[in-house]
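Chemist: Here is how the chains run, residue by residue.
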Amino acid sequence: MIETIKYNSKIICISIAILIIVALGLSVFTGCRNTTQEFDSTKDIDVISREEGSGTKGAFSELFELIQVQKADNINDANVANTVKSSKIILQKDLTTKDASVENSTNTIMTTVENDPYAIGYISMGSMNDKVKPIEIDGIAPTPENVKNGSYKISRPFIITYKSQISPLAEDFIGFILSKEGQKIANETYIEVDANADRYAGNMPSGSIVIGGSSSVSPLMETLIDAYKSINPQAKLQLQITDSTTGIAKTSEGTYDIGMSSRDLKESEKGETPDANIGDHDNDNNNNNALIETKIALDGITLIVNKSNPIDNLSKDAVRDIYIGKFKTWNDVNVTIRNLSENKSE
Amino acid sequence: MNYEIKKMKTNMKNNLKENIMHAIFLIAALTSIIAVILICVFLFANGFPAIGKIGIFKFLLGKDWSPTDIPAVYGIAPMVLGSLYVTAGAILFGVPIGIITALFMARYCPNRLYKIIKPAFDLLAGIPSIVYGFFGLMVLVPITQNLFGGTGKSIFTASILLGIMILPTIISISEAAIRAVPESYYEGALGLGASHNHAAYSIVLPAARSGIFASVALGIGRAIGETMAVVMIAGNQARMPAGVFKGVRTLTANIVIEMGYAADLHREALIATGVVLFVFILLINLSFSLMKRRIVR
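Taken in order, these protein sequences are the chains called A and B. The first sequence begins at 0 in numbering that gives the first Met the number 0 and counts up one residue at a time. The second sequence begins at 0 in numbering that gives the first Met the number 0 and counts up one residue at a time.
Here chain A stands alone, though its shape is the one from the complex (with noise of 0.2 Å):
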């Protein structure tokens, strides 16, 4: 009597183990495809930006006009006013929701909007894939095409930076990344800036010099560099993955030859004012040190939902209401897209 209750309870036990692993993976299995689920218009929109000082977001911040700048424009003295052209920034507000997700690499992105149907997130051009949707600005669909006529405004220039006089390599290199060969390379994944460039005619003299800066900005460079070695095996290039900003302010300080940046530079870093050079020991040729700008590709910065978002197509006042907060659920978002058109028909 007694085995048979104990062989009983432990056969209830073993059930009631399984029953609960069944429920557990099957659980799983709902949470994984939620895909097919229709689109509820009602939810709350999933904002998901980038972290404090990444150079996506700084450009995507610029372009949406999400952080509030204020200028000390009042500063009238005559000294002031000669020397420096652009007034200091005094007060610069980050507008965006403090409710966004803040996730720090482009697949963690790519992978929540996959998953996420409300989700709405932006990420650089070239990692572009067919598991999100991208979104048109203002009707302007964000293909290469697009950055490259102009017509569609989303977009952040690689830029390479150095000084007027610069030895023979870097001169050398800077004319293959310009050359026809080197645009080529960087329209694989990126964007030309000029289709049109002339072959690659430098001398290749050997030395060394030393490239750094912006990550985002790297990936390009290696690949132009090895390419660029295949070509002239003297050289000696070696690269250096900082950031923008260490990037500009190496090339400027002389430690880098030539530096990359994922942003154009401020006027406080080019270095044509006296002022930048304080602290700098041979102020008798300043000109020199005055840093030369070149754009070697653009980038451009496409904006993510869900598959299943029936939306396509966002005004830029739109995606900036979206990412400042205002627009809380994606009904709201579709009440203005409604109320333009008929604006428009009317």
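Please keep in mind that the hints were generated in silico from the structure rather than gathered at the bench. Ideal placement from N, C-alpha and C gives every residue a C-beta, glycine not left out. Worth double-checking, as some hints may not be accurate.
[What the hints assert, rightly or not] Quick partial rundown of chain A residues pointing at chain B, CB under 8 Å, derived from the structure: (1) Thr41; (2) Asp45; (3) Ile89; (4) Gln91; (5) Asp98; (6) Ala99; (7) Val101; (8) Thr105; (9) Thr107; (10) Asp115; (11) Ala118; (12) Arg198.
[Said to hold, decoys possible] Straight-line C-alpha distance at most 25 Å; calculated BS3-like pairs for lysine-lysine: (13) B:Lys245 x A:Lys327; (14) A:Lys97 x B:Lys57; (15) A:Lys228 x A:Lys179; (16) A:Lys325 x B:Lys52; (17) B:Lys57 x A:Lys325; (18) A:Lys294 x A:Lys92; (19) B:Lys62 x A:Lys327; (20) B:Lys245 x A:Lys306; (21) A:Lys130 x A:Lys42; (22) B:Lys114 x A:Lys92; (23) A:Lys294 x A:Lys228; (24) A:Lys97 x B:Lys114; (25) B:Lys62 x A:Lys97; (26) A:Lys147 x A:Lys183; (27) A:Lys315 x A:Lys97; (28) A:Lys92 x B:Lys62; (29) B:Lys52 x B:Lys62; (30) A:Lys315 x A:Lys162; (31) A:Lys235 x A:Lys294; (32) A:Lys9 x B:Lys114; (33) A:Lys325 x A:Lys42; (34) B:Lys245 x A:Lys42.
Dock chain B against chain A, hints included.
Modeler: What follows is chain B alone, placed relative to chain A:
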């Protein structure tokens, strides 16, 4: 006489060997101590000036973190709370499961099953945290999103994942503590008429409690210091926690996300965030060693 000299010689030889080995062991021990001291010096030397510049109350209690604004605002209260909430959630989820599992493994588990389960938990401990993070992103996040709405990246998701991650720590230490309880406790209980269940739950488990507390303390240490997995599934919003199903940023996430781009005071503020984290870990380890002392006693 001759014999005495021989003995002295061998003694000296042995002593020399002994001394050399002594020095080697001492150096090995000092290496890790020096590393700890260097880390302390680096953290405090770089972190404290920043805290001083920002103001200790503004830094610890400030609710706003906007390092790229002008003027920049550095308040880490959201991150401190985020770390505490996520860790508390992990404890809530991981500790009961961990302790029950440990008791099961020590007192109930059939030998054949034990041979399968034990290596499985060891494997769980060895999985890199980035893999846990990826698992969370691909499996846990969609599930929470389906069940509770929102982005799915939330305190809840992070707590569950961290709860799973601290399981091996809690199980292995608790199991060792339960096994260390003298067999006479269990046998005595049975002898007095207690059932197996009663003896295991009411006699053996309480007797092992200091070891179990120690395992919980270590689990807290692991949860609060976890970075890569949490970054991927917590949402990382730098604002005061707004709910269990809303995203949150932890202290570790704050450092790893922004370190790559930070400069000047922003960078120092991140190191100061590290100081706060370090103090947390210090407190946890202190309580751990206090509990350990009680076990020895």
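Chemist: None of the hints should be skipped; say for each whether it holds.
Modeler: Structure-based check of each hint:
no., hint, in the structure
1, Thr41, "violated (11 Å)"
2, Asp45, "holds (4 Å)"
3, Ile89, "holds (7 Å)"
4, Gln91, "holds (4 Å)"
5, Asp98, "holds (6 Å)"
6, Ala99, "holds (7 Å)"
7, Val101, "holds (4 Å)"
8, Thr105, "violated (13 Å)"
9, Thr107, "holds (6 Å)"
10, Asp115, "holds (6 Å)"
11, Ala118, "holds (7 Å)"
12, Arg198, "violated (38 Å)"
13, B:Lys245 x A:Lys327, "holds (15 Å)"
14, A:Lys97 x B:Lys57, "holds (19 Å)"
15, A:Lys228 x A:Lys179, "holds (16 Å)"
16, A:Lys325 x B:Lys52, "violated (35 Å)"
17, B:Lys57 x A:Lys325, "violated (29 Å)"
18, A:Lys294 x A:Lys92, "violated (28 Å)"
19, B:Lys62 x A:Lys327, "holds (23 Å)"
20, B:Lys245 x A:Lys306, "holds (24 Å)"
21, A:Lys130 x A:Lys42, "holds (21 Å)"
22, B:Lys114 x A:Lys92, "violated (59 Å)"
23, A:Lys294 x A:Lys228, "holds (21 Å)"
24, A:Lys97 x B:Lys114, "violated (49 Å)"
25, B:Lys62 x A:Lys97, "holds (12 Å)"
26, A:Lys147 x A:Lys183, "holds (14 Å)"
27, A:Lys315 x A:Lys97, "holds (20 Å)"
28, A:Lys92 x B:Lys62, "holds (16 Å)"
29, B:Lys52 x B:Lys62, "holds (17 Å)"
30, A:Lys315 x A:Lys162, "violated (37 Å)"
31, A:Lys235 x A:Lys294, "holds (23 Å)"
32, A:Lys9 x B:Lys114, "holds (20 Å)"
33, A:Lys325 x A:Lys42, "holds (15 Å)"
34, B:Lys245 x A:Lys42, "holds (14 Å)"
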